[in-house]
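**Student:** Each chain, letter by letter, is given below.
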Amino acid sequence: MRILGILVCVATGAMLIWASGEFPPWGDPNSPASLHVSPRYIEKTMEETSVPNAVTSVLADYRGYDTMFETTVIFAAGVSCFMLLRLFSGRERSSHHYRHILTGLTLRVRRKGKQLPELEEFEPMDSLWTPYDLILRTLCRFLIPFIQLFALYVIAHGHHSPGGGFQGGVILGASMILLAISQDMRSALRRIRERTLAIFSVAGVAIYAGTGALCLILGSNFLDYAALSRIFPVDPVGARSLGIFLVEVGVGIAVMATMIVIYHNLASEGFLDEGL
Amino acid sequence: MDRILEVVIAKYNYWIYIVLMMIGLYGVIAKNNLVKKIVGMSIFQTAIILFFISMGMKKGATIPIIIHGQEASVRASDYINPLPHVLMLTAIVVAVSTLGVALALAVKVYKEFDTLEEDEILEKIRKS
Amino acid sequence: MTSHLPALVVTVPLLTAFAAFAAGWLRPKLCFPVGLTGLGITAISSIWLLAEVLEAGTVTYELGRWPAPWGIVYVVDRLNGVVLAAISLCAFIQWISSRASVKSQFSDRIGAFYGLELLFVTGVMGITVTGDAFNLYVLLEIASITAYALIAMGGGRAPLSSLNYVFMGTIGACFYLLGVGYLYIMTGSLNMADLASILQGMRSSQAILVAFVIIIVGVWLKMGFFPLHGWLPNAYTHAPWPATTLIAPLMTKVMAYVMMRLVLFLFGPEYSFGVLGLKDVVVWWASLAVVAGSVIALSQKDLKRMITCIILIEIAYMVGGTFLGNRSGTTGAIFHLVNDVFMTLCVFLAVSSLAFRQRELDMDTMEGLFSEMPFTMGALVTGALSIVGVPPTCGFFSKWLLLKGALEAGHYEFMVALILSSLVCLVLFFRVFEAAYFGHGERSHGHHRMREAPLGMVVPLLVVAIGIVALGLMSGEVISSIIEPALPRGVL
Amino acid sequence: MIWQLDLVILTLVVICGIGSLMIKDLLGAAILFGAYSFMMCVLWAVMGAVDVAFTEASVGAGVSTVFFVAAVFHTTRRTKD
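So the sequence lines, in the order shown, correspond to chains S, W, H and B.
So for the first sequence, this note's numbering puts the first residue at 1; every next one is plus one.
So for the second sequence, this note's numbering puts the first residue at 1001; every next one is plus one.
So for the third sequence, this note's numbering puts the first residue at 2001; every next one is plus one.
So for the fourth sequence, this note's numbering puts the first residue at 3001; every next one is plus one.
These are computed hints drawn from the structure, not numbers from a lab.
Be careful, since some hints might not be right.
[Claimed, not checked] Partial pick of chain H residues on the chain W-facing surface, computed with a CB cut under 10 Å: (1) F2134; (2) Y2137; (3) S2144; (4) A2152; (5) G2155; (6) G2156; (7) A2158; (8) P2159; (9) G2169; (10) L2177; (11) L2190; (12) F2370; (13) M2415; (14) L2420; (15) V2424.
[Stated by the list, open to error] Result set (DSS-like, lysine-lysine): computed pairs, CA atoms no more than 30 Å apart in a straight line: (16) H:K2103 / H:K2279; (17) W:K1127 / W:K1111; (18) W:K1124 / H:K2279; (19) W:K1111 / B:K3024; (20) W:K1127 / B:K3024; (21) H:K2404 / H:K2301; (22) W:K1059 / S:K44; (23) H:K2103 / H:K2301; (24) B:K3080 / B:K3024; (25) H:K2301 / W:K1127; (26) B:K3080 / W:K1111; (27) W:K1111 / W:K1124; (28) B:K3024 / W:K1124.
[Said to hold, decoys possible] So, partial list: chain W residues that the calculated Cβ filter (under 10 Å) puts toward chain B: (29) Y1012; (30) G1027; (31) A1061; (32) I1067; (33) Q1070; (34) A1072; (35) V1074; (36) D1114.
This one's a predicted model, so the numbers in the text were calculated from it and none came from an experiment.
We treat Cβ as the ideally placed atom computed from N, Cα and C, and that holds for glycine.
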């Protein structure tokens, strides 16, 4: 296998490098990639969508259809993780964790159905055990609101600066993951329940696809945000900007919920009681 | 000699990207451990993303956010090509989705076979 | 409304998937009817779209109303119109048929399962309809990720097979993406029509050649073409039945469609067949793959695995037929693709109804099935005859065209491989039927009599079986009015 | 864009990539993969792809690493290669 791998890699690599001889020099402003399609995005973004960040306007408008499926991909991944790992009831864990009280080391004992004899230095880490670390807890409690605030800023300010729905959604999701790591999974789940997460993840993607479908119902093409000017008091260019904002919010919600779902299912093997 | 140096300077970036891709590809094909294979897969995907990003690069240009106050006179050569960035945002999302599903599968495989080494798993299958 | 049909065929299953997933959390009973409605609308609109295309020619749809090279467009011509209709019908029929087994196997996660199935359909429909090279990659990943998850639900070895599929599938998709990157760096465009017109002037470029090779290898990996097929038999065998009957007929066929689209339309026949000179090598290779697939299929004992291995043979037919590069061969390949969707669906559905009543599918446990499950076995016979290539089933006509194409191109080895593999298929299915027909009477002890599969499975199965024969009877019309005009000009 | 900086970061990326494949401990591999992603993110920021760099910093170096650690925690750290 190893030799085969090396052979395949060397052959492919040699072929790719051979072909790279024809590429335009690295960073060449006159390469076909910079001259053929892309100038319009840069020159017309203000005029056609009134969004200064060309990446956002291309992402959510010119090629908004790709982004809709990008959100769908992450939604599909969340649903897949849920479906593959989630265990609903009555299954016993294959391993148990014990914590050495003096050193804080964690041991894992893999014995199906059997418990270890009671030992004084070890405490079992079952679903009722909660870690307690004052520094970690306090720090995270202070940190999480700011992380979430920043995430909201990233989502809302994607028109003018780097960022947007996806990045903001990941940061929001990461703040909840941090909560689950620093405290425990059950208290994180008490803040935002599994059912809520599932509904959020589907609602986020549905906002995106629904915005597109709304444009279709309003008589224009799918995802043609200019049609939104018929129901919102904005001109067609402003409507594009508005449409971009709407879908970014949808992406943010979907990504946040999906990231948390994936983490919860991976970190608890689908039991959703204890995390890392 | 000068010509060779010129070619090297113009192209060495591409070569390093391709080397990186091949490291990842080797990881997927030849590694024995399933999580290592997943790491290799992610490296391969990220290297392709790097290759795409470098296509949009223009020397002497700035990031693709139109500077405030200059909206009237935008020249395309002043800003980096945004299209590869958009494509690669999508590709990053695809990469992390694949990673999530692959890790979930690896956890399931471990539950079933109690090991992550491919040869040991095949051995167990052959025995049963 | 008719002008929005290309968008509807993708967005309706997408929105239905969300609805089904949400229904799984709120009212699980609603999942099935919601999906049924969605797939029904999809099937109707794709057939309507095909009619529209036959009447008015190629339909283009600009998403977000951005013109072609800047925005993403959907282009529907005769080739993908007919593939779309086949896929959506197949998904609709499969949806009805798999109801009972989904209910019994996945009652606690029914919403997630149905949601993923619908997303898979969205993915394959989108791959077929899109006119943008990068959009194809994103949709490909949707179809793949959902397929990984659906396959891994089989239990036992399924997660391992699925993980293998993840690795191979991701390498394939990455190769495709890398090839698109090579095309983009040389041309600066992602739109297929635009790319095709720019590539006209770049016939001798090394980078384009490498892009062609990488893209085709990536697609072959996804298709399971012979030396790259390692993931396919395991993944489809260990998958749960409702997932196999959906994924096996669609995934590989759609990738075969992608190969045809790229070879015939993006790179163009002059380039793919003329300039490169890879044509003969690929046809030889396909012949080899047909033989290898037959050998692999012959060595299987399990019925499910055996019919899975037949897919390998069918895929090799399509590759070979496409690369024959003449009119009959390419027409045969396209027609075979459409037929194969239904043939595979028929055989898989029939075997899944057998499996629904009887857990093990060894050749030895099949005695007396003809008298116990006459309708299921009848449909299985029809599907098998079509795969072997017996008139009047549709499989005969596409194989005939492939043979004709091979004869015209002078590729006798492909003809030999075709005939040989048909004989192998005959032997394979004859083994099954012999066991099922003649084994009656010497029943092993303790074997209770099996009932016919439930009505919800038998009716769709019979519809598919009748459809195969009908498609065969109408093949002349289908070929002359839909498939032959679909070919690009360069194919002689 | 300064080519010396570019070269240094590229070298670090390659080293982290090889390291995460070579190291004989899956947790270490996960952390090195996080480092690899972060170097990648720096590289993209240098190339002017700020949005992509932002995404990679939050996804590749952040969430992906957490996923890896979660998966390794529930399986094993042992690896033969």
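**Student:** Each hint: holds or not?
**Tutor:** Now the hints, each set against the structure:
no., hint, in the structure
1, F2134, "6 Å, holds"
2, Y2137, "8 Å, holds"
3, S2144, "8 Å, holds"
4, A2152, "6 Å, holds"
5, G2155, "9 Å, holds"
6, G2156, "7 Å, holds"
7, A2158, "9 Å, holds"
8, P2159, "4 Å, holds"
9, G2169, "9 Å, holds"
10, L2177, "6 Å, holds"
11, L2190, "8 Å, holds"
12, F2370, "34 Å, violated"
13, M2415, "35 Å, violated"
14, L2420, "32 Å, violated"
15, V2424, "27 Å, violated"
16, H:K2103 / H:K2279, "48 Å, violated"
17, W:K1127 / W:K1111, "18 Å, holds"
18, W:K1124 / H:K2279, "43 Å, violated"
19, W:K1111 / B:K3024, "21 Å, holds"
20, W:K1127 / B:K3024, "27 Å, holds"
21, H:K2404 / H:K2301, "33 Å, violated"
22, W:K1059 / S:K44, "21 Å, holds"
23, H:K2103 / H:K2301, "29 Å, holds"
24, B:K3080 / B:K3024, "7 Å, holds"
25, H:K2301 / W:K1127, "19 Å, holds"
26, B:K3080 / W:K1111, "19 Å, holds"
27, W:K1111 / W:K1124, "13 Å, holds"
28, B:K3024 / W:K1124, "23 Å, holds"
29, Y1012, "8 Å, holds"
30, G1027, "5 Å, holds"
31, A1061, "7 Å, holds"
32, I1067, "14 Å, violated"
33, Q1070, "17 Å, violated"
34, A1072, "23 Å, violated"
35, V1074, "16 Å, violated"
36, D1114, "9 Å, holds"
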